[in-house]
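When you get a sec, could you build the whole thing from the sequences and use the hints?
If you're matching positions, the sequence shown starts at 1 in my numbering and goes up one per residue.
Everything labelled a hint here was simulated from the structure, so no lab data went into it.
Treat the hints with care, since some could be wrong.
To be verified - With a Cα cut of at most 30 Å, we get these calculated DSSO-like pairs of lysine-lysine:
#, residue 1, residue 2
1, K117, K139
2, K14, K151
3, K117, K96
Stated by the list, open to error - Computed spacing ranges between beta-carbons, pair by pair:
#, residue 1, residue 2, range
4, S110, R61, 24 to 32 Å
5, R36, P186, 18 to 26 Å
6, G111, R61, 21 to 29 Å
7, F145, E93, 26 to 34 Å
8, Q173, D92, 15 to 23 Å
9, S110, S50, 17 to 25 Å
10, E80, Q152, 22 to 30 Å
11, F145, S40, 34 to 42 Å
12, P24, G119, 18 to 26 Å
13, G119, S41, 25 to 33 Å
14, E80, F145, 34 to 42 Å
Even for Gly, the Cβ is constructed at its ideal location relative to N, Cα and C.
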Amino acid sequence: MSFKRRENFRPTDKLLVLVGSKNPVKISCTEDAFTRAFNSSFLVEGINASSGVPEQPVGERETLLGAKNRAYNSREVFPEANYWVGIEGGVDEDEKGMFAFAWIFILDNSGKTSQSKTGTFYLPTQVAELVRNGMELGKADDLIFEQENSKQQGGSVGILTQGVINREEYYRQAIILALIPFLNKPLFY
Numbered sequence: 001m002s003f004k005r006r007e008n009f010r011p012t013d014k015l016l017v018l019v020g021s022k023n024p025v026k027i028s029c030t031e032d033a034f035t036r037a038f039n040s041s042f043l044v045e046g047i048n049a050s051s052g053v054p055e056q057p058v059g060e061r062e063t064l065l066g067a068k069n070r071a072y073n074s075r076e077v078f079p080e081a082n083y084w085v086g087i088e089g090g091v092d093e094d095e096k097g098m099f100a101f102a103w104i105f106i107l108d109n110s111g112k113t114s115q116s117k118t119g120t121f122y123l124p125t126q127v128a129e130l131v132r133n134g135m136e137l138g139k140a141d142d143l144i145f146e147q148e149n150s151k152q153q154g155g156s157v158g159i160l161t162q163g164v165i166n167r168e169e170y171y172r173q174a175i176i177l178a179l180i181p182f183l184n185k186p187l188f189y
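Written as structure tokens, this is what we have:
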């Protein structure tokens with residue numbers, strides 16, 4: 001297990017949020033989203049959690065399943081947290097070409113869940129062709145745009161918007177949207 005249990009964690013400490021990934025972008029945007037949404041600080045940690053889907057999920061169902069699996073598998077490893085977050089990026093295609101998106105899935109310690117999806121954006125033909133041939137999107141971006149580990153930085157969205165929207169900003173809004181039922185419990189539960 002890559003997450004160290006805090007033996008001295010007390011209920012009076014900050015609420016603990018586990019992200020089902022060690023990707024620093026996913027951890028940082030989750031912390032920012034929770035802090036903004038609840039106007040409070042949280043302890044946010046990343047944990048290696050299996051998505052149970054291919055390295056590059058294709059389609060809505062597979063991508064959402066990956067996000068759900070990351071959240072539930074994080075809870076299996078560390079059930080003492082207050083929230084578990086799964087973030088999974090995927091691709092799909094329509095008549096215009098291949099597009100990217102991500103699903104956010106949040107589970108709280110009462111068993112309540114919520115989910116939200118990011119906006120979508122189309123991928124360049126060269127990148128899409130590599131992904132169709134089995135390459136993960138981040139690796140395809142690195143190859144085509146001569147980057148190194150771009151998915152732990154601005155990601156595809158950062159590269160393609162020339163930094164106007166980075167991966168952290170892209171995920172943050174969807175995380176906040178997924179928190180709506182937790183922020184408005186009387187309306188949803």
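We went through each hint and held it up to the structure:
In summary, the hint linking K117 to K139 is supported, as the alpha carbons are separated by about 22 Å, within the 30 Å threshold. For a cut-off of 30 Å, the pair hint linking K14 to K151 stands: about 29 Å separates their Cα positions. Between K117 and K96 the CA atoms are separated by roughly 20 Å; this keeps the pair inside 30 Å, and the hint holds. Checked against the hint of 24 to 32 Å, the C-beta distance between S110 and R61 comes to roughly 26 Å, which is consistent with it.
For R36 and P186, the Cβ-Cβ distance of about 21 Å falls inside the hinted range of 18 to 26 Å, so the restraint holds. At about 22 Å, the CB distance of G111 to R61 agrees with the hint of 21 to 29 Å. The hinted window of 26 to 34 Å between F145 and E93 is violated, with their beta carbons roughly 21 Å apart. Roughly 20 Å separates the CB atoms of Q173 and D92, a value that falls within the hinted 15 to 23 Å.
Evaluation of the 17 to 25 Å hint for S110 and S50 yields a pass: the beta carbon distance comes to about 24 Å. Remark: the range hint 22 to 30 Å for E80 to Q152 is upheld by a beta-carbon distance near 27 Å. Distance hint check for F145 and S40: the Cβ-Cβ separation is about 38 Å, which falls inside the suggested range of 34 to 42 Å. For P24 and G119, the hinted distance range of 18 to 26 Å is satisfied, since their beta carbons lie about 22 Å from each other.
Checking the proposed 25 to 33 Å range against G119 and S41 shows it holds: the Cβ atoms sit about 28 Å from each other. Our hint of 34 to 42 Å for E80 and F145 holds, since their Cβ atoms are close to 41 Å apart.
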